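Going by full-length UniProt numbering, the residue at position 243 of the sequence shown is 243; the numbering climbs one at a time, nothing skipped.
To be clear, the hints were calculated from the coordinates, so they are not data collected in a lab. Honestly, I wouldn't trust all of these hints.
[Claimed, not checked] For lysine-lysine, the following DSS-like pairs were computed, each having C-alpha atoms within a straight-line distance of at most 27 Å: (1) Lys164 / Lys151; (2) Lys255 / Lys208; (3) Lys237 / Lys130.
[Said to hold, decoys possible] Derived Cβ-Cβ restraints for the label pairs, each shown as a range: (4) Asp169 / Thr60: 50 to 60 Å; (5) Lys237 / Asn215: 42 to 52 Å; (6) Ile222 / Tyr304: 37 to 47 Å; (7) Thr43 / Ala308: 46 to 56 Å; (8) Asp48 / Gln111: 40 to 50 Å; (9) Asn285 / Gln66: 40 to 50 Å.
In this text, all values refer to a predicted model and were calculated from it rather than measured experimentally. Each residue gets a CB set at the ideal place from its N, CA and C atoms; glycine is no exception.
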Amino acid sequence: MKPLISICIPNYNHGSLLKQTLDAVFNQDLTDVEVIISDNASTDASLDVINQFKHKTQLTLLQQPQTVSMSAHWNKVVQAAKGQWVIMLCADDLLLADSISRLKNIAKSNQVQAIFFEYDFLINDIRTPKTAFYQDNVIIPGSAQSEIFLKSNNFPLTACMFQKQLLQDIGWFDQTKNFCTDWHAWLNMSAIAKQVAYVKAPLFLYRKHEENETNRCVQQLIALDEVIAMKDEFIEKYQLSNVNLIRGVILNSLKLANRYRDEMHNNGLLKEAAFYQEKISELENKLSQITIDKPELPSGSAPYAPPAGSILLNA
């Protein structure tokens, strides 16, 4: 019988953190759950760590003969999943107690195609609380959530459990993306989903450290251009013309550019900071060309009210 949920763990050289991740996984109730870990030809002791868990009946190990790109690796592990639902668990993140049971209950009890959930940060092994994105547990129309994702993304890879078929319907993870692979998936999956759920309680710990792929892409000047191109492609694909929405999209890209500029400047990366300053000027010019009669009121700060059409979720 096929499992309900597949926990997919793509790993590359996270051997020093992997035992913590796997311990947290196998402390869950794994009834009707499979665990697939794929090693991307790591050069550290990852396989030694994985072999400590080889007696676990739920575990399947995939070994890539040579290192492939991050997004290609994600596709290899998710395509091997047998479950109706998939969680892509980063090899350095930690599931919190009973998170799988909570997600399983939501998946069984509601007509949703994806479940986004909160997390706290793990910085130098210290748990740091994060402000929730929405005010309540809710079920959200997929199209409404896609408009939120068009502006920005607050949910890293681990922060979503989705139906495998939904990802397949958008053509899997986009292997042309280096930075916003998960964001691109959330945006496009939400656009075709009838409903998605949001859970306000943190269900995992997101480890923040200098080796994160996000940090590499920002420093190599990949991140912002890729995000802007992704948004432009989506607007064109769905022929979006709402001026307030498009203005909000540019404003959020501008916010991102300012953040990246400040990060680069604070780290003494002046050439990179100058690059983002140029992007800020380009976005400000683009914004100045948009005229609206009645701008929407500022949405304030998190936690936000959920989009129109949302209903409360019993989670």
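field: Violations among the numbered hints, reported as their numbers in ascending order
entry: 3, 4, 5, 6
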